[in-house]
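A.B. asks: Please construct the entire structure, taking both the sequences and the accompanying hints into account.
The residues making up each chain are set out below.
Number of protein chains: 2
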Amino acid sequence: MATLKDVARLSGVTVTTISRMLNNRVNVSEKTRAKILAAMEELDYHPNELAQSLIKQKSSFIGLIVPSAKNFFFGAVIDCVERHVCASGYKLLLCVSDLDVNKEVEYFHMLKSNKVAGVILASHTQNLSEHVNLANLPLVTIDRTLADSVPSACADNYAGGRLAAEHLLDRGCRQLAYISGSAGIEMDANKRWVGFCDVCRERGAEMPVMVDASERDFIAMRYEPLIHQLFQEHPEVDGVFSSNDIIAAQVLQYCSQQGIEVPGRMKVVGYDDTDLACLTTPPLTTIHQPVEDICRWAVERIVAGESAGAPEARVFPVELICRQST
Amino acid sequence: MATLKDVARLSGVTVTTISRMLNNRVNVSEKTRAKILAAMEELDYHPNELAQSLIKQKSSFIGLIVPSAKNFFFGAVIDCVERHVCASGYKLLLCVSDLDVNKEVEYFHMLKSNKVAGVILASHTQNLSEHVNLANLPLVTIDRTLADSVPSACADNYAGGRLAAEHLLDRGCRQLAYISGSAGIEMDANKRWVGFCDVCRERGAEMPVMVDASERDFIAMRYEPLIHQLFQEHPEVDGVFSSNDIIAAQVLQYCSQQGIEVPGRMKVVGYDDTDLACLTTPPLTTIHQPVEDICRWAVERIVAGESAGAPEARVFPVELICRQST
Chain A
1261 MATLKDVARL
1271 SGVTVTTISR
1281 MLNNRVNVSE
1291 KTRAKILAAM
1301 EELDYHPNEL
1311 AQSLIKQKSS
1321 FIGLIVPSAK
1331 NFFFGAVIDC
1341 VERHVCASGY
1351 KLLLCVSDLD
1361 VNKEVEYFHM
1371 LKSNKVAGVI
1381 LASHTQNLSE
1391 HVNLANLPLV
1401 TIDRTLADSV
1411 PSACADNYAG
1421 GRLAAEHLLD
1431 RGCRQLAYIS
1441 GSAGIEMDAN
1451 KRWVGFCDVC
1461 RERGAEMPVM
1471 VDASERDFIA
1481 MRYEPLIHQL
1491 FQEHPEVDGV
1501 FSSNDIIAAQ
1511 VLQYCSQQGI
1521 EVPGRMKVVG
1531 YDDTDLACLT
1541 TPPLTTIHQP
1551 VEDICRWAVE
1561 RIVAGESAGA
1571 PEARVFPVEL
1581 ICRQST
Chain B
1261 MATLKDVARL
1271 SGVTVTTISR
1281 MLNNRVNVSE
1291 KTRAKILAAM
1301 EELDYHPNEL
1311 AQSLIKQKSS
1321 FIGLIVPSAK
1331 NFFFGAVIDC
1341 VERHVCASGY
1351 KLLLCVSDLD
1361 VNKEVEYFHM
1371 LKSNKVAGVI
1381 LASHTQNLSE
1391 HVNLANLPLV
1401 TIDRTLADSV
1411 PSACADNYAG
1421 GRLAAEHLLD
1431 RGCRQLAYIS
1441 GSAGIEMDAN
1451 KRWVGFCDVC
1461 RERGAEMPVM
1471 VDASERDFIA
1481 MRYEPLIHQL
1491 FQEHPEVDGV
1501 FSSNDIIAAQ
1511 VLQYCSQQGI
1521 EVPGRMKVVG
1531 YDDTDLACLT
1541 TPPLTTIHQP
1551 VEDICRWAVE
1561 RIVAGESAGA
1571 PEARVFPVEL
1581 ICRQST
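Chains A and B, in that order, give the protein sequences. Its first residue numbered 1261, the first sequence is counted upward by one per residue in this note's numbering. Its first residue numbered 1261, the second sequence is counted upward by one per residue in this note's numbering.
Be a bit skeptical, because a hint or two may be false.
Treat identical chains as interchangeable: a pair holds within one or across any two.
Said to hold, decoys possible - With a straight-line Cα cutoff of 25 Å, these simulated SDA-like cross-link-like pairs (lysine to any residue) come out:
| no. | residue 1 | residue 2 |
| --- | --- | --- |
| 1 | Lys1330 | Ile1479 |
| 2 | Lys1318 | Leu1282 |
| 3 | Lys1295 | Asn1362 |
| 4 | Lys1295 | Asp1360 |
| 5 | Lys1330 | Thr1292 |
| 6 | Lys1265 | Cys1460 |
| 7 | Lys1363 | Asn1387 |
Keep in mind the hints are simulated off the structure, nothing from the lab. Values in this document were obtained by computation on a predicted structure and should not be read as measured data.
C.D. replies: Below, the structure is given as structure tokens:
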């Protein structure tokens, strides 16, 4: 295996200069830099980042824990986080939890053992702090709050619920329904239902009906039985708001199968504004989550470390994107 | 920061025994194990994996390079790979390339510097071997081949093209079309077109027409102009096969907007069998890629290292999944 001395010999640059360049401690001329890089490439020499991390007792890894990587919303989160992690000179250790608190705990131990610079937690379990010592580990949560001491980034879920109800009532709906994907977990997303109800109450409209998906439905992405149940029990419903675009896409399928015209007889609003919302027939009106802003803030917060200041619960604005389903 | 000695003091177990347990070199009783783990938890002690990796000159990281994490197909690949990586006792370093060869080269250098156990490459660029020394790095490619010396896992793209043509002709289509998402890149997926044409030729059917998406279309996931162009230039087309489900979903949207009945007047077959195929209206007939089998094989191959034997180009069978779009 090639050493720094070999690179020095081949490039004609001293070991000290090369070492300083690799540690970003000195600016070398473009010409010298090119000579060093060419020699490194030819010799297949790679500075040992593990050794550097060990000396600093801190690696350039950032951990991201998500419940699933194939869920469209979390796919977008992973994509955004990776870009910002990479642009900041860090690397992403991806952890998929399946909503299993034991897996989450194991991931935390693993990430600590690898001296990560920080962890971004976008997974669902709430009782993690009972199992893991969260001290001494820069941590940011996305779309959920763990404790006042942990910075969190959420979209404005209450406003999202309000926007959906206002839009559906404005379009003439008389009986609204909400399909929740929260599976009974205490999440910030539950505020959508509160905002949705508040608007109905304020406007003197019928109070909306609600059905809630199970954790199994979330993992399997299958909501047909729940949708079927809703329309069987409440045939008067003419406007549906669902807590993610995947549920909404299945409402559109159900309506098509049953010959219920969308948006004429039934209006449908999703949540998240994932790429799926542009791919359904008809394209889906939905609440846009600012995934890009949320992920950038979370990564910046980790990279800033202690200089980021006191923990804060940051709330990001949402927006209604009107397409052909309403 | 707590040390191994602190754990020994608190648990009443010797440093030697704890160290042997952590390195899996000795079996300790359940009772002793529980005492050690409780002390580790209380002291927030984590064995330093970086130091262990440095001693072994090999980390327990596996790198995965994909063009995008929000694309539904690659989301499924990431999800599967992470599960198998984790189940094998490794950790996933995720790298998103945006189809940018410079980014891919940088990722390779980074992964080498971190002494990864291996790399799984599912990104599109073909000329990587001109830029990176691929020796001394266990590497497996998914859905593309780099060189005979690099093991690869592909689905049977030729058979996929044949299955689609046979199905559309069996359902009574007379003029087939293929929408390719390969963006002119030399990929194994291009064999789908060969298989598709071979069936038309063998059956004496009209030869299919073809349009090809650009790299920009792939990243943006927007294929409407291409679909519009196809139907303008070839109004006689009554059966469409597309090289991914995202294109097919947009064909369904186009048909709905234009009042072209699916599957009556137009039949549509996608590719990949991503979760999207179950969420379109109507649900999409598509060619199922065995992502689970491909990813498991790729991870096993990396984990086996040199004991995996000679490089091989493994081809996995595909399957037509019939839904309501045909």
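A.B. asks: Now tell me, hint by hint, if it's right for this structure.
C.D. replies: Cross-check of the supplied hints:
no.: 1; hint: Lys1330 <-> Ile1479; in the structure: both (10 Å within a copy, 17 Å between copies)
no.: 2; hint: Lys1318 <-> Leu1282; in the structure: both (17 Å within a copy, 21 Å between copies)
no.: 3; hint: Lys1295 <-> Asn1362; in the structure: between (50 Å within a copy, 19 Å between copies)
no.: 4; hint: Lys1295 <-> Asp1360; in the structure: between (50 Å within a copy, 24 Å between copies)
no.: 5; hint: Lys1330 <-> Thr1292; in the structure: neither (45 Å within a copy, 39 Å between copies)
no.: 6; hint: Lys1265 <-> Cys1460; in the structure: neither (73 Å within a copy, 62 Å between copies)
no.: 7; hint: Lys1363 <-> Asn1387; in the structure: within (13 Å within a copy, 38 Å between copies)
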